[in-house]
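Starting from the structure of chain H, add chain W where the hints point.
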Amino acid sequence: MDPVFEQLYEKYHDDLFNFLFYMVRNREQAEDLVQEVYVKVLRSYKRFQGQCSEKTWLLSIARHVAIDFFRKQKRRRQWVGAADWSEEQISADGPQPEELAIQNEEIQQLYRCLARCTLDQQLVLVLRFIQSLSIAETAEALGWTESKVKTTQHRALKALKHYMEEEAEREGGACEKVSVE
Amino acid sequence: MGHVKKFQWSEQCIEHGLKQMPTVKDRRSKEDVYQQWRRAQQARWKRRWRAAAAVATVLIAVALGGHRWIAPEQEEKQKAASPAEMTPTNSASAPTEMMMTADAASKAAEQNETVAVIALPDRRSGFVVPVAVPLDDRLAPAERVAAAIDELSRTRLRDAARWFDGVTVVPEAEDGRTWAVDVPAGHRVFAASGKEQQLFLAAVTETVRQMGGRRLHFFTAGKEGLNLPAVGRLHLSKIGGQKRMYYISRTSSFPAVVLIPAPSGASTLLEALQRMTKPGGSGLEPAVPQGVEITGVKVDERHATIRLRVSVSLDTQDAARMVEAMLLTAKEFGIHDVTLTAAGRSSLGSYRLGERIAVPPGPNSEVVAAAGR
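Protein chains in written order, with UniProt numbering: chain H, 1 to 181; chain W, 1 to 373.
Extracted from the complex, chain H is given alone in its bound form (with noise of 0.2 Å):
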């Protein structure tokens, strides 16, 4: 076995792995995903300079490979006629997967509103809170300013709560009626 690919396997399979399906939501398309970033990954190691952290760098191709992944998927619904396709819409929802069919309702209805989100938004949310990176690392695996970072992470959340309490007021089960004056 290539050396340089165990290496990489042992050290952050796991963690590129997570990334690209919580990205992507299928996890079929996330083992061809992840296969893609090997072959990118081993084209180019020995350029791999070591000016950011080696888990941001592998992370920052498979946002790529991930980005890439949305616009042929674009590409093909605008193929097939889809209309008005947007940002928002672009996850591939596959089966839900036995690790969170497993999880309490809220945290299901979080993997579900995630989705909602924009694709900026979305990478932000699983690097900085599912992947834990931090600022400044979420900053170089996607080439941002740790500013950029901040923002997004702000909208998001922002996003990702006006997300859950529709879907709340939808179930009618997540709220409470308050009285105020």
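Keep in mind the hints are simulated off the structure, nothing from the lab. We put the beta carbon where it would ideally sit given N, CA and C, even for glycine. Heads up, some of the hints might be wrong.
[Unchecked claim] Have a look at the derived ranges for each label pair, beta carbon to beta carbon:
(1) 355(W) x 71(H): 42 to 50 Å
(2) 194(W) x 166(H): 28 to 36 Å
(3) 40(W) x 67(H): 45 to 53 Å
(4) 11(H) x 315(W): 35 to 43 Å
(5) 29(W) x 136(H): 53 to 61 Å
(6) 354(W) x 119(H): 50 to 58 Å
What follows is chain W alone, placed relative to chain H:
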């Protein structure tokens, strides 16, 4: 008094909830993932070579189909738009220069298997800046330019590289002398200013020249011919065979000092190197700084020995840039490797003196590194 709905979760709770999301794991084993990666690699190679073979077959069929060379007046127009004509020191051109021999061209092509040189238009300086882009794999010539553009689009040079969006630049035949340039119908160059159109054409021409090509065959969306309002209608264009020398530009928008080729008008390598001690006009600075003298050049087939007298202390980067400019100028004269000597010195920049140094595949490779991702 009224009723409003209050949401139970704050943004902090949402953050906390996101942190509780489960880790979804790949169910495949490491071995499975590895085998799939291997298969993907092999499939990729097959696709590339099949694509290259298909392009070659189509282009050979087109060539055998009897396409005509362009009419003389059209050729004149194209010559007028070539980068050689646009560079500032062109007035001293020497039409007696020989074109690079087929041997030198094939040697250059061999070197270029893992490198592609893309000339990027730079509106700020008004020059095109050739940059050698290292590629991850040994690629077929038909794929090299596209792979390099792809690499550049991931760096801070992406704005300049966007001029190549959708443009196909591939060799038409195996000898690599004639290259097909196909511009998509809606490309931005058609709506660009006259200066930008000239820069675009200069960039394409310089790219083909750096890749070892000597003729360009223009197409628009697969149909022969390219009509640029500011330049004229182009069909087939021959690249001038004049030897060039390299100058330094500090006025470009690129994230490093860059080397720019300009016609030398020199008949020998010694003459060209000596001219590199003087400014090139239009803001181009000499690549050989004051205090460095070229005292002699001995050419032995494809090898040259350059004797220098260095009477100043040179900054490592300036020294490296000077040596790179000398090597690239030597390459223009068909030289494959160079030995530099200077009394009392063992190195210049990172180059060791007294040893053979191979000429680089192209200039400004450090620009790509400096531009990062």
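Violations among the numbered hints:
Structure breaks hints 2, 3 and 5.
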